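> Chain B: place on chain A using the hints.
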Amino acid sequence: MRLAYVLPRQAKQYVITSMRVSLRLAAIFMFLSTSLLEAAENMAGRWEGSIQIPGQELNLIVDLDQTNGKDWTGSIIIPGLGVKGAPLAEILVSDSGVSFAIKGALASERTGQTRLKGHLTEAGQVSGDFLQAGNTAPFVLEKTGPPQVELPRKSTAISKDLEGEWKGDYEMSGYSRHVTLTLANHEPGAASAQLVVVGKRTTNAPVDLLTEEGGFLTIVSHEIGITYEGRFRKEAGEIKGTFTLGPFEVPLVLRRTP
Amino acid sequence: MKTSQIAIALIACWAGTVCQAQSMFRGDAAHSGVYTGPAPRAFHRVKWKFPTGDRVVSSPVLSNGTIYFGGDDGSIYAVDAESGRQLWKHATGGPVPSTPDVVDGTVYALSYDGKLYALDARTGAVRWKFASGGERRFEAKGIHGLQPKTQTIADPFDIFLSSPVVAQGAVYFGSGDGNLYAVDSASGELRWKFQTGDVVHASPAYAGGVLYFGSWDSYFYAVDAATGKEKWRFHGGEDPVIHNQVGFQSSPAVVNGVVYTGCRDANLYALDAATGKEKWRFDNALSWVITSPAVSHGKVYFATSDSSLYHVLDAATGKPILHQQDKAYMFSSPAIAGDVVFIGVMNGTLQARDLKTGEVLWSFQTETSKQNKGWVLTAERSFNDPLLYHSNWREAPIVAADRQFAIGAIFSSPLIANNVVYFGSTDGYLYALE
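Protein sequence lines correspond, in order, to chains A and B. Take 1 as the starting number for the first sequence in the working numbering and just add one per residue. Take 1001 as the starting number for the second sequence in the working numbering and just add one per residue.
Mixed in with the good hints there might be a few duds.
[To be verified] Stretches of chain A that chain B covers, calculated by requiring three or more beta carbons in the stretch to come under 8 angstroms of a beta carbon on chain B:
no.	stretch
1	49-55
2	99-108
3	127-135
4	173-179
5	243-251
Keep in mind that the hints were calculated from the coordinates and are not lab data. It should be emphasised that the depicted structure is a prediction, and the values quoted were computed from it without experimental measurement. Virtual Cβ for every residue (Gly too), placed ideally from N, Cα, C.
The shape of chain B in the complex, shown without the other chains:
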């Protein structure tokens, strides 16, 4: 083989690896949140922005030069990564706040219509659909102290659907019906399902033949990927009165035999991947950890909701390395590329932070956030709680949460590829920044 041919082969191999690493939620099957390639340490321009019909909660993925993501307008989109031009869209029967996984020319994505879709990555044509027992949001009586407390109310902060992960020829995903499903990736036939006690909207991570995921039933599970048999379970916090401090909404990262996961009980947990034994926990004083942690070079990166703190912990001990006060809640999961950490903030800001110091290198604010209609934000871009949450009766808090989300909030976990940062916003756009 000539030198040039070897070089081309190496480049193709490298490119293939990169595509694979960027073609699913959190960058890889273990959900480390680490992306290969360079990242912009300075903001230069909006490369393009792609409009959809509703908010974009889904995180974009990249495969063979195409960006794939879901829209709450009910469509799964394929967009040219370079130009931002739509290649195709496929309408589903409900919002798609789930991140697709692209494997071997097939896009797998979950819709609120309760179906997992397998689409041709090139054309968007349906290869198969699999119907779960149906989607629903986490719900409870008196949730978060909402009134009337004798009535069951759906949690407005249950914002994501589970994002599928593909391994061992199967697609694994959680469902609002409380199951984790394993579906044959080629045929769409059910291999097995594993029942939990409540909604599973966290995304399963796959490592060493085991699936790791949390449920809103307050348990975190490890399940054999081949058989669907439980290996162990870990009990998180309970909150039987107002159901505020319970449930795993965060998706885990599995690195070096340790599972890291956030929880609505306000802890970030580190669990032994083999046994489920707790190694350490980091208490966030009643503030939810919705973000999926990113893990790199012995450090864990995550952020909190109400307390709006960006944290870096020692992965081995859980000891804090640094924390920084931000302006608003963070549900978006941090993504690491090079020496930069990217994270979306619910006030409509995307931040690029220095990996080592946590210093904000640059930030980008969506236009909708700048307009600040209805004064959802204070002048300092925190949430204007006195104006938003002035009543906890009937629909008022639901409407308030919806107003918060509509500010151009960024729930999407950023994708970094070739020095470009891709993410969605509730203003209905998918952004590409460089």
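If we strip away everything but chain A, and leave its shape as in the complex, we get:
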């Protein structure tokens, strides 16, 4: 290397040491990159297995994929618990394992999110812990094929006439509730909603799906278990529909706030 001729001996030694360190770091980086790429290759796919909770075995199917060679996506199926294609969140993949949370299923305000944490075994399986409501049970997964990630429905844009604030009331089990729905369009091509239900207490329901197709509006808060479906009637200045909270279903007409 040319630098070696012009630098004093100590400096030369420093440069040589630095170069060695850099080379080592580069090697480690390359190794890690290769490992992560391998991990990605290893983890992407459909994984099938079971969870052993006390007195019950649950079948488990996990689909993991990587988009753009960077971001992980995934979905999960647990047939015995009515979970089909629930999206995964907080997916972390390393060369030794994977962890993620299940979004919008097997969760409540009290129990929190369900999580799986697993590591790759020498046999190529992923084994680890299924954590739900503070309980922990072992699971084992084996790769069975390419990923079949079920992508969640995406919110759409809404017509300009629907933008703004809408209000209405409904009665459930003898108590009246007041609903305020605020709709707004955002770039690129998706709208958002704020849904507030005031009864004995105030609930700000996080809306994770808002669609409008030909004047038919659908609003879903998976976290609270609320669905509102209604048809926009421009001439009447109202949305006439049905409000569903878990098993409860009541008619709800929303009118624009003057």
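Coordinates of chain B only, in the frame set by chain A:
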């Protein structure tokens, strides 16, 4: 009479009174939920546990050293209170989630086979049987939002049968056929019946010649015990859509001229016993009150279902004195003995609370509850709703409720006698703790 003879007579009299006070549901005919004698403020050991063939929802009663209770395996049992040894059992044609009443050597108990049984307390031999119009559970289309909502579904939470009360030479009990029956206690002959609009599984309380009880038709009734004539009725809440907030499943307590009763409309009511006029109500924000209230020293003790709250109210005004958050639903009725309140929790725990502060002095968890098969419970011993109620279609919610009940749940109202607490569990055992 010598002093020793007087002492023996007094002891016998006291013992007789105690036996009488412990030989029926809720301790006395007015169902105050108060038991005489001392109660354990600390848990020492399981004195014994008696196995049956199915869950035990019935509450035990005590008479002359014998515990009597019903089993969902269809039998009425007599068990030695000291040893836990079976003395006899009598098979009926259906589950017995009803609490017997033992009077003058006869055990009266109601079975799901639609028959009221009068058995010899010593041998279990049948003295007579009386057939009502038949048992059934409360049912409705779309109940609790269960699907398909166009189909009639029996309410899985209609867990108890009416427990008979004996007074004025008659046995009084409610029935799934909607009637309150009065049957002659000696002969088993019908004296009268009083028709309501739906299932009567609440247990009638008797005070001052009047019977007080609620029906699933949303009304609470006062009926003359001698004639069966209605004195007054009180209208509770209605829920015509999903039938969730309607009906009296709780059994009343009648103390100092006031009737206290829980209701599935989420209220605890205090009604004037003479007129039926509402004195006050305590709203539990959509949470059922299935427990039968206990009333002592001017306070009302009860608990709620979904909100899992233990409450103490002022009996005169209904003003809250204290409430404490528990882990799971409570259908078991609180029982007071000494300075302790005992109550069963559906997560398989029996709790002893300080009467004054409500503080949990000790608790006992059934083995089945500890095993937590299928993760019915969270790690904190609340119900694991996301795993249980993931579908409201067809049999799924019924199965979920059954899984909840099977966790070693305690529906039984505890009996306290001689420092021992007796209660049943859905794990199939009758427990004696000291």
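> Hint by hint, note whether the structure agrees.
Against the structure, the hints:
{"no.": "1", "hint": "49-55", "verdict": "holds (count 3)"}
{"no.": "2", "hint": "99-108", "verdict": "holds (count 4)"}
{"no.": "3", "hint": "127-135", "verdict": "holds (count 4)"}
{"no.": "4", "hint": "173-179", "verdict": "holds (count 3)"}
{"no.": "5", "hint": "243-251", "verdict": "holds (count 5)"}
Comparing the model with each numbered hint stated earlier shows that all of them hold.
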